[in-house]
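Student: Residue-level listing of the chains:
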Amino acid sequence: MAHRPYYSERGDRIESRAPVEVSRYRGFTRANHWVTAFCLIALALSGLALFDPALYFLTALFGGGQITRWIHPIIGVVLFVSFALMFIQLWRLNMPKPEDTTWVTKIGDVVKGNEDNLPELGKYNAGQKFVFWGMTGLIVVLIVSGVLIWQQVVGHLVSVPVRRVAVLVHALAAVAIILVFIMHVYAAIWTRGTLRAMTRGTVTGGWAWRHHRKWLREIASRDTKGPAE
Amino acid sequence: MNDMANSPTTAVSNPPVQPTEAYFNAGDIVRISATRNVPQPDRQLEKLAKLIDVSKCIGCKACQSACVEWNDTHPEIEENVGVYENPHDLTPNMFTLMRFAEWENPATNDLEWLIRKDGCMHCEDPGCLKACPAPGAIVQYSNGIVDFVKDNCIGCGYCVTGCPFDIPRISQVDHKSYKCTLCSDRVAVGQGPACAKACPTQAIVFGTKADMQAHAETRIEDLKSRGYENAGLYDPAGVGGTHVMYVLHHADKPGIYNELPENPRISPIVEGWKGVTKTAGLAVIGLAAVGATLHGLFSRGNEVEEHDTEAAKTLVVEGRDPDEDPHKGGPA
Ligand code: HEM
Ligand code: SF4
Ligand code: SF4
Ligand code: SF4
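Quick mapping for you: the protein sequence lines, in order, are chains B and A.
For the first sequence, our numbering gives the first residue as 1, with consecutive numbering after it.
For the second sequence, our numbering gives the first residue as 1, with consecutive numbering after it.
Hint data in this document are derived by calculation from the structure and do not stem from the laboratory.
For glycine and all other residues, C-beta sits at the position ideal for the given N, C-alpha and C.
Here are the computed distance ranges between Cβ atoms for each label pair:
1) P268(A) x S221(B): 53 to 61 Å
2) V140(B) x E112(A): 48 to 56 Å
3) I71(B) x E112(A): 45 to 53 Å
4) V154(B) x P268(A): 19 to 27 Å
5) R43(A) x G64(B): 32 to 40 Å
6) I71(B) x E104(A): 49 to 57 Å
7) A26(A) x H156(B): 31 to 39 Å
8) A289(A) x S221(B): 38 to 46 Å
9) G64(B) x H74(A): 21 to 29 Å
10) E262(A) x R92(B): 50 to 58 Å
11) W34(B) x E305(A): 23 to 31 Å
12) T201(A) x V154(B): 34 to 42 Å
13) I71(B) x H74(A): 27 to 35 Å
The task is simple: from the sequences and hints, build the whole structure.
Tutor: The structure is reproduced here in structure tokens:
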């Protein structure tokens, strides 16, 4: 292929024509996503269990306080590795583009669902990019602060003043990432037809046209040039 | 029926030969880690304190040995690396440690050997208890004793983060936190702590906090009469006072005694972490979760419309741009 596609990944393609379906994520990316999601939920639950006494009962999900304390940072490391893999696959199309600014200034139309007033977009809109970069930044903060307060592994190496700052930063970043997570799940459900991108791997042509028109156009133009079905 | 022990007023008396009942128990707990609204006991026990007179200590470590013996701990045998401390630091098996400092007094040019018995201070406002996330892992009795309850400890190390004196140590064997108990098990049956009992110079004395403060006064007076004009009692107000206090010959400079903190208090970072971060954090998470759920249930959602599907068909199947042909789909 001559040059890198600008709005799509090379693997994104027209999956079927009647009805039109477009493949958005291959199996590996989807598995990667669900491992990450599972880790994040497990981390939120085990972390919140220690966050406030009112939620300590959540330790029962993991088999008690000691096990919760033990397993949380281990899941954290798995999350970090899993997210890093996703990052490598997704960062390019999550770079900001000029149309993101227009999209953000028209956030009222986004919320009202007035898609006609919005600019045409590539694979991700500014909201999705915000979730992506928010997760990226917060996961880095969480792994660094988390390792610093990892009693079992580095407990004897980290000074008390550093631990104090790290545990505060970790708690604040955890709250922030849970908010980003809620936003992410909410947007995926509110924008009907999105979830199947991460379950079946495909979206309908109508969905792609409505929300990610430049993405669809690029794939479609590639499709006609490529070998016929 | 056994006799009930009395609140101890000294560490020097010998125990009675007949068995005695503990004079305080779980009913006298005033604070419990990770537990709000602890029911307050209807009696207030006499406040107790251990007083360590640094000026009387000869550094013999009998107190350390007594601690190891009474608590049946087994500190590792270490290498001699040319310092007096042994072991090198407080450990999960060593609840108290003699720390030695060689200090040159600028006023007299004398070399002073300052020996401080380090260990839990039994703060009236304990940072360890404030930080602990596990309900019931740390408790405070109305006589001032702060005790760790091993069975409830999860080994997270938050107590280390919360303590202004860097006292608790987490075991790498059972992942539980350990520190001086003020010999709560001895005190409960009317005895003083093992260290105080063992001290050959009575540098460590034990009794009611009021008695210990009065005793400290006489010691300070004596020290002042012998030229230590800054002698004083270390009972820091920042943590509400402590139930282990020091008589220091240089009370104006606690730092020279191996970094005894000058104005210890629960760190504002710890207060912020355990205070507003939790309240505000839970509130925003709760609001966001409830808001998103309700909105998700009652709003229509952003549905793909018929003209979108048509447009996609035009583009993909017919290979034409729907926007250029208003009759075939495209935004109406
Ligand atoms: C990325 C790697 C992570 C590591 C290495 C890590 C590590 C830790 C550690 C060591 C603790 C102290 C308790 C314990 O020892 O288990 C902790 C607490 C906590 N973690 Fe994490 N964590 C990570 C990610 C996360 C994530 C993604 C979240 C949120 C979704 C989270 C939420 C929390 C919360 C809420 C606490 C309790 C903080 C408090 O008590 O205020 N952690 N974490
Ligand atoms: S290590 Fe144990 S005592 Fe210390 S804060 Fe954690 S649960 Fe509480
Ligand atoms: S000295 Fe540290 S461990 Fe002891 S009661 Fe105070 S805060 Fe807790
Ligand atoms: S037993 Fe008494 S004199 Fe000996 S080291 Fe301990 S406090 Fe000092």
